[in-house]
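Student: Sequence:
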Amino acid sequence: MRAQLVPLDGGSPVEVAKEMTVIGRQEECDLRLDHKSVSKMHCVLVKTDGLLLLRDLGSTNGPRVNGTRIRRAALLPNDKLSVANFHFTVLFGAALLAAVQPEDQTQQIDPKELQKLTAKPAKAVPLPDSAVDQPIIGVHQNALPDLYPDDDKKKP
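Per this note's numbering, the sequence shown starts with residue 1, numbered consecutively.
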């Protein structure tokens, strides 16, 4: 599933390429937002079963979805995600397809131009070893644990 975070300030869209994307200030984060208002590990986005899930990682200010601070949420297309002072529109599914830029759309090629492009035979390229013949074991782990670090402490 493709997903993007589109900055509301007009910056370039950020592709959410991994199944689990950590957002924060730390260099090891998948999406690094270098500002003191962003926690070292602020939140995580998880793509699973056609859903885009968001979970706070114990950040000071918490992520906000459509203006509401959340601990965890299933995001919807066109939701507004705020991480400290960074604001994004969440795009995936049909909303992402509708946002395709004109230069990304299918282009019609003149038959003569197509013939020129395909006249040369393709070069044979050796394929790297793959895991095609390896057995596949499907294991699905819950990427979002049920407890927050503070939840397992008993309250008086």
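Check the hints yourself; a few may be wrong.
What the hints assert, rightly or not - Between beta-carbon pairs, the in silico distance windows are: (1) H87 - Q115: 15 to 25 Å; (2) L76 - L114: 34 to 44 Å; (3) D49 - P7: 21 to 31 Å; (4) H87 - E113: 40 to 50 Å; (5) N61 - G93: 40 to 50 Å; (6) L114 - N61: 21 to 31 Å; (7) Q108 - M20: 23 to 33 Å; (8) E113 - K36: 26 to 36 Å; (9) P13 - K112: 46 to 56 Å; (10) L117 - G93: 26 to 36 Å; (11) P13 - R72: 44 to 54 Å.
No lab work stands behind these hints: they were computed from the structure.
Just so it is clear, CB atoms sit at the ideal spot from N, CA and C, and this is done for glycine as well.
Student: Note whether the CB distance of N61 and G93 lies within 40 to 50 Å or breaks it.
Tutor: Distance hint for N61, G93 is violated at roughly 28 Å.
Student: Given a hinted range of 40 to 50 Å, is it respected by the beta-carbon distance of H87 and E113?
Tutor: holds, 43 Å
Student: Does the beta carbon distance between L114 and N61 stay inside 21 to 31 Å, or does it fall outside?
Tutor: The hint (21 to 31 Å, Cβ to Cβ) is violated, given that L114 and N61 are roughly 54 Å apart.
Student: Is it true that the C-beta distance of L117 to G93 lies inside 26 to 36 Å, as the hint says?
Tutor: holds, 33 Å
Student: Mind checking the hinted window 44 to 54 Å against the Cβ distance between P13 and R72?
Tutor: Violated - the Cβ-Cβ distance for P13 and R72, about 24 Å, lies outside 44 to 54 Å.
Student: For the range 46 to 56 Å, tell me whether the beta carbons of P13 and K112 fit it or not.
Tutor: violated, 35 Å
Student: Cβ-Cβ distance between Q108 and M20: within 23 to 33 Å?
Tutor: Once the Cβ atoms are compared, 39 Å apart, the range 23 to 33 Å for M20 and Q108 is violated.
Student: May I ask you to test the hint 34 to 44 Å on the CB atoms belonging to L76 and L114?
Tutor: holds, 41 Å
Student: Is the gap between the beta carbons of E113 and K36 within 26 to 36 Å?
Tutor: violated, 53 Å
Student: Please test the hint of 21 to 31 Å on the beta carbon pair from D49 and P7.
Tutor: Since the Cβ atoms of D49 and P7 sit about 27 Å apart, the hinted range of 21 to 31 Å holds.
Student: Determine whether the Cβ-Cβ distance between H87 and Q115 falls within the hinted range of 15 to 25 Å.
Tutor: Between H87 and Q115, where Cβ atoms are some 48 Å apart, the hint is violated.
The structure fails to meet hints 1, 5, 6, 7, 8, 9 and 11 from the earlier list, while all remaining hints are met.
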